[in-house]
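Build out the structure end to end from the sequences listed, making use of the hints.
Just so you know, the sequences run in chain order A and B.
The opening residue of the first sequence carries number 1 in the working numbering; numbering runs sequentially from there.
The opening residue of the second sequence carries number 1001 in the working numbering; numbering runs sequentially from there.
Bear in mind the hints are in silico, worked out from the structure with no lab data behind them.
Any given hint could turn out to be false.
Below, computed lysine-lysine pairings styled on DSS-like, alpha-carbon distance capped at 27 Å [unchecked claim]:
| # | chain 1 | residue 1 | chain 2 | residue 2 |
| --- | --- | --- | --- | --- |
| 1 | B | Lys1044 | A | Lys108 |
| 2 | B | Lys1027 | B | Lys1044 |
| 3 | B | Lys1062 | A | Lys1 |
| 4 | A | Lys108 | A | Lys42 |
| 5 | B | Lys1071 | B | Lys1044 |
| 6 | A | Lys68 | A | Lys1 |
| 7 | A | Lys68 | A | Lys112 |
| 8 | B | Lys1062 | B | Lys1027 |
| 9 | A | Lys1 | B | Lys1051 |
| 10 | B | Lys1027 | B | Lys1100 |
| 11 | A | Lys1 | A | Lys112 |
| 12 | B | Lys1044 | B | Lys1062 |
| 13 | A | Lys108 | A | Lys68 |
| 14 | A | Lys108 | B | Lys1071 |
| 15 | B | Lys1044 | B | Lys1100 |
| 16 | B | Lys1100 | B | Lys1051 |
| 17 | B | Lys1100 | B | Lys1071 |
| 18 | A | Lys1 | B | Lys1071 |
| 19 | A | Lys1 | B | Lys1100 |
| 20 | B | Lys1051 | B | Lys1062 |
| 21 | A | Lys68 | B | Lys1027 |
| 22 | B | Lys1051 | B | Lys1027 |
| 23 | A | Lys68 | B | Lys1044 |
| 24 | A | Lys42 | B | Lys1044 |
| 25 | A | Lys108 | B | Lys1062 |
| 26 | B | Lys1051 | B | Lys1071 |
Residues of chain B clear of chain A, computed beta-carbon distances all greater than 12 Å [said to hold, decoys possible]:
| # | residue |
| --- | --- |
| 27 | Arg1009 |
| 28 | Gly1016 |
| 29 | Gln1037 |
| 30 | Glu1041 |
| 31 | Glu1052 |
| 32 | Ile1076 |
| 33 | Gln1080 |
| 34 | Phe1102 |
| 35 | Ser1110 |
DEER-style ranges, computed between Cβ atoms [to be verified]:
| # | chain 1 | residue 1 | chain 2 | residue 2 | range |
| --- | --- | --- | --- | --- | --- |
| 36 | A | Gln2 | B | Gly1028 | 27 to 33 Å |
| 37 | B | Ser1110 | A | Arg55 | 40 to 46 Å |
| 38 | B | Pro1039 | A | Pro14 | 28 to 34 Å |
| 39 | A | Ser69 | B | Lys1044 | 41 to 47 Å |
In this text, all values refer to a predicted model and were calculated from it rather than measured experimentally.
Glycine included, every Cβ here is placed at the ideal spot set by N, Cα and C.
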Amino acid sequence: KQEVTQIPAALSVPEGENLVLNCSFTDSAIYNLQWFRQDPGKGLTSLLLIQSSQREQTSGRLNASLDKSSGRSTLYIAASQPGDSATYLCAPGTTNSNYQLIWGAGTKLIIKP
Amino acid sequence: NAGVMQNPRHLVRRRGQEARLRCSPMKGHSHVYWYRQLPEEGLKFMVYLQKENIIDESGMPKERFSAEFPKEGPSILRIQQVVRGDSAAYFCASSLTGAKMFFGSGTQLSVL
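In structure tokens, the structure reads:
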């Protein structure tokens, strides 16, 4: 049974800092892994999708890495801004059904102006 | 290109009533997924549909819950005879190829 752990559970940092959010999963047999952000009242936004054969994906100030064999993914946020404040969710997709994502509990991020 | 549209945003029902949640996928997307987020818990997969077909409903409770995605119109998640434990945020997602998914803003169901 896939279990996803995200560390830290909450993080509060001043604006401008570079951040690393961590995600670990117990079953390395994944199809892909997605990072989402969840804003209150605004639902989920997919940030990055990494296929199991890839090592990283980049989008703007975001970079996600995947080490499938060790069951880890990290989300790197460069030059953080107050608008980055949200809950960030890691969700590996199982091999047979990539839509059956197993979500972590998330990291609640607060960027202080 | 509008995103995934869910309505209503908030739905209040009394125990025993029916709840209907609607989801219009992004234009051109034929894959629709429903997820439920119970209070203080992570999202859980419920059902995966393609036009007029249920592909996987392994995450959906066997009783009172049903889903459809007709040829025309939105996908509907229907909950009959709601109970307090059904109170949750229900999210719909759509995809073009079955890979990257785009989520709606969710419907918050409150059962009194």
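Hints and how they fare:
A distance of roughly 19 Å separates the Cα atoms of B:Lys1044 and A:Lys108; the hinted pair therefore holds under the 27 Å criterion. At most 27 Å may separate the alpha-carbon atoms for a hinted pair to count; B:Lys1027 and B:Lys1044 meet this at roughly 25 Å. Of the supplied pair hints, the one linking B:Lys1062 and A:Lys1 holds, its CA atoms being roughly 21 Å apart against a limit of 27 Å. With a C-alpha separation of about 15 Å, the suggested pairing of A:Lys108 with A:Lys42 holds against the 27 Å cut-off.
Taking the CA atoms of B:Lys1071 and B:Lys1044, the gap is near 26 Å; set against the 27 Å cutoff, the hint holds. Distance hint between A:Lys68 and A:Lys1 is fulfilled; the C-alpha atoms sit about 16 Å from each other, no more than 27 Å. With a CA separation close to 33 Å, the supplied pair A:Lys68 and A:Lys112 exceeds the 27 Å bound. Distance check on the hinted pair: B:Lys1062 and B:Lys1027 sit about 30 Å apart at the alpha-carbon level, beyond 27 Å; violated.
A hinted pair counts as satisfied when its Cα atoms are at most 27 Å apart, and A:Lys1 with B:Lys1051 does not qualify at roughly 30 Å. For the hint pairing B:Lys1027 with B:Lys1100, the CA-to-CA distance comes to about 15 Å; that is within 27 Å, so the pair holds. Of the pairs offered as hints, the one joining A:Lys1 and A:Lys112 is violated, with about 37 Å between alpha carbons and a cut-off of 27 Å exceeded. For a cut-off of 27 Å, the pair hint linking B:Lys1044 to B:Lys1062 stands: about 15 Å separates their Cα positions.
A threshold of 27 Å between alpha carbons decides the hint, and for A:Lys108 with A:Lys68 the separation of about 24 Å falls inside it, so the pair holds. As the CA atoms of A:Lys108 and B:Lys1071 are separated by approximately 39 Å, the hinted pair breaks the 27 Å bound. With a C-alpha separation of about 17 Å, the suggested pair B:Lys1044 and B:Lys1100 falls inside the 27 Å cut-off, and the hint holds. At roughly 18 Å between alpha-carbon atoms, B:Lys1100 and B:Lys1051 fall within 27 Å of each other, so this suggested pair holds.
Our distance criterion of 27 Å between C-alpha atoms is met by B:Lys1100 and B:Lys1071, whose separation comes to about 22 Å. Taking the CA atoms of A:Lys1 and B:Lys1071, the gap is about 35 Å. The hint is violated against a cut of 27 Å. The suggested pairing of A:Lys1 with B:Lys1100 holds, with an alpha-carbon distance near 23 Å, which does not exceed 27 Å. Annotation: proposed proximity of B:Lys1051 to B:Lys1062 holds, straight-line Cα distance about 21 Å (limit 27 Å).
Pair hint A:Lys68 plus B:Lys1027 does not hold up; C-alpha atoms about 33 Å apart against a cutoff of 27 Å. At most 27 Å may separate the alpha-carbon atoms for a hinted pair to count; B:Lys1051 and B:Lys1027 meet this at roughly 13 Å. With a CA separation close to 22 Å, the supplied pair A:Lys68 and B:Lys1044 stays within the 27 Å bound. Of the pairs offered as hints, the one joining A:Lys42 and B:Lys1044 holds, with about 18 Å between alpha carbons and a cut-off of 27 Å not exceeded.
Proximity of A:Lys108 to B:Lys1062 is assessed by CA-CA distance (about 33 Å); at most 27 Å being required, the pair is judged violated. For the proposed pair B:Lys1051 and B:Lys1071, the alpha carbon gap of about 6 Å is at most 27 Å, so the pair holds. Against the 12 Å criterion, B:Arg1009 falls within the reach of chain A, whose nearest CB is about 8 Å from its own CB. Consistency note on B:Gly1016: stated as away from chain A, and its beta-carbon is indeed over 12 Å from all of that chain's, at 28 Å minimum.
Not every beta carbon of chain A lies more than 12 Å from that of B:Gln1037, the smallest distance being close to 8 Å; the non-interface claim is violated. The claim that B:Glu1041 is not at the interface with chain A is violated, since a C-beta of that chain comes within 12 Å of its own (minimum 8 Å). No beta-carbon of chain A comes within 12 Å of the beta-carbon of B:Glu1052; the shortest separation is about 18 Å. The Cβ of B:Ile1076 sits about 18 Å from the closest Cβ of chain A, beyond the 12 Å cut-off, so the non-interface label holds.
Against the 12 Å criterion, B:Gln1080 stays outside the reach of chain A, whose nearest CB is about 25 Å from its own CB. At roughly 6 Å from the closest C-beta of chain A, the C-beta of B:Phe1102 falls inside 12 Å, breaking its exclusion from the interface. With a least beta-carbon separation of about 14 Å from chain A, B:Ser1110 lies farther than 12 Å from that chain, consistent with its non-interface assignment. Distance hint for A:Gln2 and B:Gly1028: a CB-CB separation of about 31 Å, consistent with the stated range 27 to 33 Å.
The hinted window of 40 to 46 Å between B:Ser1110 and A:Arg55 holds, with their beta carbons roughly 43 Å apart. Between B:Pro1039 and A:Pro14 the Cβ separation comes to about 31 Å, which falls inside the hinted range of 28 to 34 Å. With their beta carbons about 27 Å apart, A:Ser69 and B:Lys1044 fall outside the hinted range of 41 to 47 Å.
Violated hints for the displayed structure, listed by number in ascending order: 7, 8, 9, 11, 14, 18, 21, 25, 27, 29, 30, 34 and 39.
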